[in-house]
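So you can see what is in the structure, the chains are spelled out below.
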Amino acid sequence: MSVPASSEVDPQLQERLRSVDPVVFDIVLLSFASVIVFSALGLRPGSRLVPLVIGIPTVIALVAQTALDIFRFRHPVQEASVTGHDPLDLGFARLGEVVSAAVREEAEDTVLPTGEEARRRQLLFALWAVGLGVLATLTTFYLAAPIGLFAILLAVGRSPIKALLVTGGVLAFLYLTFDLLLNVPF
Amino acid sequence: MIDGLAGAFTDLMTWPSPLYLMLGVVLGLVVGILPGIGGGGAMALLIPFTFGMSPAHGIAFLMAVGASSGIGGQITSILVSIPGDPPNAATVIDGYAMTKQGKAAEALGAATWGSMFGAVFGMALFLIVLPLARNLVLAFSYPDFFMIAVAGLVVISSLTGGKVHKGLAAAGVGLLVSFVGLDPVSGNPRFAFGTLYLWDGIPLVPALVGLFAGSEMLALFSVRGSQSLAETDPDAPVSRMIDGLYSTLRAWKTVIVSSFIGFFAGLVPGISGTLAAFVAYGQAKRMSKNPDQFGHGAVEGVIAPETANDADKGGGLLPTLAFGIPGGVIMAVLLSGLILHGVPAGPNLLRGDLHIVYVLVVAALLPRFVAGGIVLAVGTRATVLTRMRGDVLAPIITVIALIGVYALRNEPIDVLLALVFSYVGYGMEAHGFSRLTFIIAMVLGSLIESSYHQTLQTFGLRGFVTRPIALILLFVTVATLAGPPILKRIRRRRLVEVGGDRK
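If you read the protein sequences in the order shown, they are chains C and D.
In case it helps, our numbering puts the first sequence at residues -13 to 172.
In case it helps, our numbering puts the second sequence at residues 4 to 506.
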């Protein structure tokens, strides 16, 4: 079985591995788990028992993961060399190999598109979603939904008339479904 | 059993349930055809819509979406080479090759008939095994429930995502999230940080919608273009949908074996549908008289994964309903739906009236036949949906999802929570932490904590190791964690020995 040489590693992959994103995400999870564990210490014994039994190993695992990701950040090439995998002949594979192939398939299915344009659009969408949520919280969805939808459709290059038509259609659908059919005003 | 199924059928034929089921079928097909959203994600998005329905109709509606999405997903797998759902991935291999040979209609027909046969076999096996599971559940006590929840989480952690330790960390964080709210021992608020909102705990619907829709919507929004059909050989003979039925009937052995594979894969908590499809594909190749055709347009290569993928729902229902341990995303969302509708998921469900169980069985089969009929009728034209722009569709779905989350309790913080979970879900997906493990841990948290305390009060610590069921489950847990590294070591040592002998 051949293992790809370090020098042949895809530069994009190297760049991704160099990214600090995994470390940041590990720290977010670690912070949450640590806050829960720390808060649990002030509870009564019966209340804190299970949270501590679960929380302490979780914190340890996340500390280890953070350390591992920091190591990967500093030594991306060595890690990259083990990520390559050979195509699998499903007719002659062992169950363990099929499980790995299925796991890879599940993981690859949700990988987000990369590239500058895709990233720009992801950022735009993330900011828009937050804006919509905040606007809906401050006003109502009756106001926030059409404004938000119309704005994002314009931002992605739809003409004002098309954006207006789509927004109107969605609003009518929401009113019919929630207000009239399900009797759940929003 | 027949009376139960008939009662469930009558219930689902009572207006407005047929409307909900039809809506579920259409939505399931649409999300299946649109690559990325997936059946589980769509079900999560639609949970808020079920609150205006009766529990049975609401659950049946969700099941209809989940059941139809797989059939929708096979269309894009075969025609466009893009699996609508991960379990449809194995169908791409031979389905797309058949499309290129001008046999798209036959492939679609075979996949649809295979799906329907698989669903019927899966549900029949489920109904056969159900009485046994009912008796087994009656033998379970507090330590057994604690251990089955722990074992389930460990197995799921080891089968989903990239690394076991990441899966366990995701499970740990999910459990910690579930501990927020009133403490089951004293009834006092815990980890609420002075906010009244957190006294009831982290609500499940915003978490589900955020985790399973967030990154998908981001991905959908990033895709500007549309997918196109394969270029077919102009001289190739044009196939018909009915050819798919004939092929499926000819491959009856593959259908039966794949159904069993799907059912048993569904029983194992983890990745069920996708794994079942891959294993069934491999087995069909092994059984075939012409294994060389696989990968080049073998119709059994389409029938096997689709049959297994649909038979696994029958297997998946068993641990979900009997023990409250869901096997995959669709079952996790279904379990959440049951909980949110106040249906006692887990052992209490099987101890009591089985009406909702029969409703689920009928709802898993009926919409699938309707969806199959639609696919057979619409055929290759269904791919028109893949030409919808992602950057238009994603904001529309997001607005509908957020309004759904808000409308549940008219609570604005729920909307912000859904957004927070969207980014958490995105981060988890991007960095290899299993979202499925996280959400299942969130659902199982209260069971784990309450059964732990009940065990201590009733049996003491010894309860975890003196009861046979708990002991077996403890062994399964330890074997799942320690087994793979030990086997790897043994295999490596054998390889070294073989290498040494050759020298």
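For the record, the hints were derived by calculation from the structure and aren't laboratory data.
Among these hints, one or two may not hold up.
In silico negatives: residues of chain C with every beta carbon more than 12 Å from chain D [to be verified]:
1) F57
2) R60
3) P146
Computed, partial: chain D to chain C, Cβ under 8 Å [claimed, not checked]:
4) A9
5) F12
6) D14
7) L185
8) L419
9) A433
10) S449
By construction, the Cβ of each residue, glycine as well, lies at the ideal position given by its N, Cα and C atoms.
* Beyond 12 Å from every Cβ of chain D: is that where the Cβ of F57 of chain C lies? -> holds (14 Å)
* Hint check: is the beta carbon of L419 of chain D less than 8 Å from a beta carbon of chain C? -> holds (5 Å)
* Hey, is R60 of chain C genuinely clear of chain D, shortest beta carbon separation above 12 Å? => Holds: least Cβ distance 17 Å, greater than 12 Å.
* Asked: Quick one, is the F12 of chain D hint okay against chain C at 8 Å, beta carbons?
  -> violated (24 Å)
* Hint status (Cβ of A433 of chain D to nearest Cβ of chain C, threshold 8 Å) -> Given a least distance of 7 Å, the restraint on A433 of chain D holds.
* Asked: Should the interface hint for D14 of chain D be scored as holding, given a Cβ-Cβ cut-off of 8 Å against chain C?
  -> The hint is violated - D14 of chain D has no Cβ within 8 Å of chain C, the shortest such distance being about 20 Å.
* To do: Under 8 Å, Cβ to Cβ, is where A9 of chain D needs to be relative to chain C, so tell me if that hint holds or is violated.
  => violated (29 Å)
* Beyond 12 Å from every chain D Cβ: check whether that's true for P146 of chain C. => holds (14 Å)
* To do: Grab the minimum C-beta distance from L185 of chain D to chain C and call the hint holds if it beats 8 Å, violated otherwise.
  => With a closest approach of 10 Å, the L185 of chain D hint is violated.
* Can the hint on S449 of chain D be confirmed by a CB-to-CB distance to chain C that is less than 8 Å? -> violated (10 Å)
When each numbered hint is compared with the structure, violations occur for hints 4, 5, 6, 7, 10.
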